[in-house]
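Peer 1: Here's the letter readout for the chains.
There are 2 protein chains.
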Amino acid sequence: MSREPVRFADKFAAVHDLWSPRIVARMNDIDFKLVRIRGEFVWHRHPETDEAFIVLEGSMEIRFRDGAVRLEAGDMFVVPRGVEHCPVAREECRILLVEPAGTRNTGDAAGERTAPSDVWI
Amino acid sequence: MSREPVRFADKFAAVHDLWSPRIVARMNDIDFKLVRIRGEFVWHRHPETDEAFIVLEGSMEIRFRDGAVRLEAGDMFVVPRGVEHCPVAREECRILLVEPAGTRNTGDAAGERTAPSDVWI
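Those protein sequences? They're chains A and B, same order as listed.
The opening position of the first sequence corresponds to residue 1 in our numbering, with each subsequent residue numbered one higher.
The opening position of the second sequence corresponds to residue 1 in our numbering, with each subsequent residue numbered one higher.
Honestly, I wouldn't trust all of these hints.
[As the list claims (entries may be wrong)] Just a few of them, taken from the derived set where beta-carbon distance is under 10 Å, the chain B residues facing chain A:
1) Ala25
2) Thr49
3) Val55
4) Leu96
5) Val98
6) Gly102
If you are wondering where the hints come from, they were derived from the structure by calculation, not from laboratory data.
Only a predicted model underlies this, so the values are computations on that prediction, with no experimental measurement involved.
For glycine and all other residues, C-beta sits at the position ideal for the given N, C-alpha and C.
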C-alpha cells in the first residue's frame with residue numbers, strides 16, 4: 001500500500017491536454033479522474049452509469065436538453081445514468097470525476113473527442 | 001432529477017456533530033459523505049470495501065499500525081479494504097468520504113462512536 005497522498009495540485013501539473021481524464025486513485029472499481037476542461041464538449045450519455053462531477057478550481061456548466069446546472073469550486077453534481085448532457089467551461093476549469101473504471105468520456109457518442117479511459121498519472 | 005448543485009460549504013453549515021458522516025450525493029451505489037472531524041477516532045477496518053478520503057479544509061492524518069499518511073486540503077487517499085486505520089485531526093478538518101452506501105464509520109470496531117450511515121443533508 002502506498003503511503004503517499006494523492007495531491008491534486010501536483011497531479012494537475014502533469015496534465016496538459018484538455019478533456020483527457022487522468023486516473024489518480026481507485027476505490028474498489030470506482031475511478032477518481034482529474035480533468036482540465038475549457039470550451040464545449042460533446043453531447044453524450046452514459047447508459048450504464050451515473051457520473052459524479054466535483055469542481056476543484058474554476059466554474060463550469062453541465063447542459064441538459066431542458067436546462068443546465070452551474071458549478072463553482074466546492075460544488076458537486078451527479079448526472080444520472082442515461083441522461084444526455086454536455087459539459088461546458090468558459091474559462092479553464094479543473095474537475096474531479098468519480099465513475100466506474102472503464103467509463104468512456106464521450107459515453108454513447110464516441111467520436112474524435114474520445115480519450116483513453118485507463119491512463120493513470 | 002434535481003438541477004441544484006451540491007454546495008459543500010452550504011451543506012457543512014448544517015453539520016454540527018463531529019465524526020458524523022452526512023450523505024450529500026449518491027452515484028450508483030456509492031455515497032459521498034461530508035464529515036467534520038477533530039481529535040482521534042477509533043481504530044477500525046472495513047473488511048468489505050476500500051474507503052476514499054478527500055480533504056476539503058484543514059489537515060488530518062490517517063494512522064496505520066505501521067505508519068501514517070498526512071493529508072492537507074486538496075489531497076486524497078484510499079484506504080484499502082481490510083487495512084486497520086485511525087483518522088486523527090489536531091484541528092477541525094472537513095472531509096469528503098466516498099464509499100459504498102451503508103458503510104459504517106467504525107467498520108468492524110462498532111461501539112459508541114458508530115454513527116448512522118444513512119443520514120442525508
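Peer 1: Taking 10 Å as the limit, does the beta-carbon of valine 55 of chain B come near enough to a beta-carbon in chain A?
Peer 2: holds (8 Å)
Peer 1: Per the CB criterion, is alanine 25 of chain B less than 10 Å away from chain A?
Peer 2: holds (5 Å)
Peer 1: Should the interface hint for valine 98 of chain B be scored as holding, given a Cβ-Cβ cut-off of 10 Å against chain A?
Peer 2: holds (6 Å)
Peer 1: Does threonine 49 of chain B meet its interface restraint, that is, does its C-beta lie within less than 10 Å of any C-beta in chain A?
Peer 2: Since the shortest Cβ distance to chain A is 6 Å, the answer is holds.
Peer 1: Would you check whether leucine 96 of chain B satisfies its interface hint, that is, whether its CB is within less than 10 Å of any CB in chain A?
Peer 2: holds (8 Å)
Peer 1: So, as I understand it, the hint says glycine 102 of chain B touches chain A; can you test that by seeing if any CB pair is closer than 10 Å?
Peer 2: violated (13 Å)
Consistency note: the structure conflicts with earlier hint 6 alone.
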